[in-house]
Amino acid sequence: MEEATLFYTSLALLTNPPLHRPFLELSKKLGPVFSLRLGSRLAVVVSSLSAVEECFTKNDIVLANRPNLLLSKHLAYNHTTVISAPYGDYWRNLRRICTIEIFLLNRLNKFSDIRKDEVQRLLLKLSRNSREDFSKEELKSMFVDLTLNNLMGMMAGKRYCCEDVSDSSEAKEFRELVAEVVENSGAGNQADYLPILNWAANYENKLEGLFKKVDGFLQGLIDERRNANGGNTMIDHLISLQKSEPDNYTDQTIKGLILVLLLAGSDTTAVTLEWAMSNLLNHPEVMKKAKAEIDGETLRLYPAAPLLVPHRTSDDCSIGWYHVPPNSIVLINAWAIQRDPKFWDNPTSFKPERFEFENGGKDDGHKFLPFGIGRRACPAATMAHRMLNLALGSLIQCFEWEKVDGEEIDMTEGKGVTMPKLEPLEAMCKTRPILTKDLYLAA
0 MEEATLFYTS
10 LALLTNPPLH
20 RPFLELSKKL
30 GPVFSLRLGS
40 RLAVVVSSLS
50 AVEECFTKND
60 IVLANRPNLL
70 LSKHLAYNHT
80 TVISAPYGDY
90 WRNLRRICTI
100 EIFLLNRLNK
110 FSDIRKDEVQ
120 RLLLKLSRNS
130 REDFSKEELK
140 SMFVDLTLNN
150 LMGMMAGKRY
160 CCEDVSDSSE
170 AKEFRELVAE
180 VVENSGAGNQ
190 ADYLPILNWA
200 ANYENKLEGL
210 FKKVDGFLQG
220 LIDERRNANG
230 GNTMIDHLIS
240 LQKSEPDNYT
250 DQTIKGLILV
260 LLLAGSDTTA
270 VTLEWAMSNL
280 LNHPEVMKKA
290 KAEIDGETLR
300 LYPAAPLLVP
310 HRTSDDCSIG
320 WYHVPPNSIV
330 LINAWAIQRD
340 PKFWDNPTSF
350 KPERFEFENG
360 GKDDGHKFLP
370 FGIGRRACPA
380 ATMAHRMLNL
390 ALGSLIQCFE
400 WEKVDGEEID
410 MTEGKGVTMP
420 KLEPLEAMCK
430 TRPILTKDLY
440 LAA
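Numbering-wise, the sequence shown is residues 0 to 442 according to numbering that gives the first Met the number 0.
Check before you lean on any hint, since a few could be wrong.
[Unchecked claim] Below 25 Å or equal to it, Euclidean Cα-Cα: the simulated PhoX-like pairs (lysine-lysine) are:
#1 K157 x K139
#2 K205 x K366
#3 K414 x K171
#4 K341 x K57
#5 K429 x K124
#6 K350 x K402
#7 K171 x K124
#8 K366 x K341
#9 K135 x K402
#10 K124 x K287
#11 K139 x K366
#12 K171 x K139
#13 K139 x K350
#14 K429 x K135
#15 K115 x K287
#16 K109 x K157
#17 K27 x K287
#18 K135 x K420
#19 K72 x K205
#20 K72 x K287
It should be emphasised that the hints constitute simulated quantities derived from the structure, not laboratory data. No experiment lies behind these values; they were computed from the predicted model shown.
Take the sequences, apply the hints, and build the full model.
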């Protein structure tokens, strides 16, 4: 396996995200599986479909661990959340809780009214200035508010991102904490690879301070629901399970689940909605079709996590005939694989119709990876799809959309673990008659 040994260049990648683009260029020179030294750590980057299939079939258990990063140590309750926990019985129990007690289809259906209410509030907000003529709207902040309110409504029965919040100081604290946590997320912190930088930048102490604020806030949510003596939120359900299985449902376990939901379910969904609308505005002929395949094509071109969540090898393994030693970080460049011309016709073109498959609408192989694959794939994929389908479908159905001044939407990618747009999306919208007919404007 060829190795990029230039020490400075490898570390410089971490300070110039997004990483998926330079990783693609390196793969063209070094091959679809290559390694580079990030300080004291060996990282292996996988950018081919065949190698990914090998990773998550033959090597699925070996790659079922996560790297020990400072963020997961200090913010993810010492590597004990479902995203960061090492593979084993403890993680399997967390995964069981997520699958059966949180993301079970029947349980998600119970929160459908919250999803519908939040989408209707978004439609109402957009319609206020666009009933008679086109109105210019900034959509990024609206999508963030939509997803955060939906999650907090399901988890704690609260709304923190709107004009009519009941506790503005608590809402302000929540928004600031979420922004700070997202800013510190990902695998691109240089202190994880050069310990001396941790000492120089005081990064670990900053994370400890952030953890105290986050932990206090999450504990407050649990205590509030516990004192309420019953309810229909996710926290209420987990507290009820705590009474019969206290060892499996400790307060720390519940706080870890809330934290993962906020991190994995808010920014990713908002970012995907923004990319979807950006693509539709640049391709009005596709907007007219308004098919469900729009979601799939958006996730292919602009996956919210272009390098997925990093994996760590627990033993020696081989990927694409190359030897990978234990404790290596393995990064899957889903962004590159989902644009590989070997498997996608006109890979950079926005063509939702490519998801109209003869085999029942299902893709084959592992070339479509927005939610990861294998044992550590995202358990919240169903929840994310439900919000994406409802929100995007409603926006297309209820408004006419145009680009601002007729100019193409800038599709440049910004910095961040969830691959945001560099420039927040602005668009012109006008309310369609169907919105009034469906009583969305009754409020």
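Results of checking the hints against the structure:
At most 25 Å may separate the alpha-carbon atoms for a hinted pair to count; K157 and K139 meet this at roughly 21 Å. At most 25 Å may separate the alpha-carbon atoms for a hinted pair to count; K205 and K366 exceed this at roughly 39 Å. For the hint linking K414 to K171, the alpha-carbon distance of about 24 Å falls within 25 Å, and the restraint holds. At most 25 Å may separate the alpha-carbon atoms for a hinted pair to count; K341 and K57 meet this at roughly 23 Å.
Taking the CA atoms of K429 and K124, the gap is near 12 Å; set against the 25 Å cutoff, the hint holds. Taking the CA atoms of K350 and K402, the gap is about 19 Å. The hint holds against a cut of 25 Å. Annotation: proposed proximity of K171 to K124 holds, straight-line Cα distance about 20 Å (limit 25 Å). About 10 Å separates the Cα atoms of K366 and K341, which keeps this hinted pair within 25 Å; it holds.
The straight-line distance between the Cα atoms of K135 and K402 is roughly 9 Å, inside the 25 Å bound, and the hint therefore holds. This hinted pair checks out: K124 and K287 have alpha carbons roughly 23 Å apart, not beyond 25 Å. Proximity of K139 to K366 is assessed by CA-CA distance (about 28 Å); at most 25 Å being required, the pair is judged violated. Simply put, K171 and K139 have alpha-carbon atoms about 18 Å apart, close enough for the 25 Å limit, and the pair holds.
In summary, the hint linking K139 to K350 is supported, as the alpha carbons are separated by about 23 Å, within the 25 Å threshold. With a C-alpha separation of about 9 Å, the suggested pair K429 and K135 falls inside the 25 Å cut-off, and the hint holds. Restraint check: the Cα-Cα separation between K115 and K287 comes to about 23 Å, which is no more than 25 Å; the hinted pair holds. Distance restraint check for K109 and K157: the Cα-Cα separation of roughly 16 Å lies within the 25 Å cut-off, and the hinted pair is therefore satisfied.
At most 25 Å may separate the alpha-carbon atoms for a hinted pair to count; K27 and K287 exceed this at roughly 37 Å. Pair hint K135 plus K420 holds up; C-alpha atoms about 18 Å apart against a cutoff of 25 Å. For the hint linking K72 to K205, the alpha-carbon distance of about 13 Å falls within 25 Å, and the restraint holds. In summary, the hint linking K72 to K287 is not supported, as the alpha carbons are separated by about 48 Å, beyond the 25 Å threshold.
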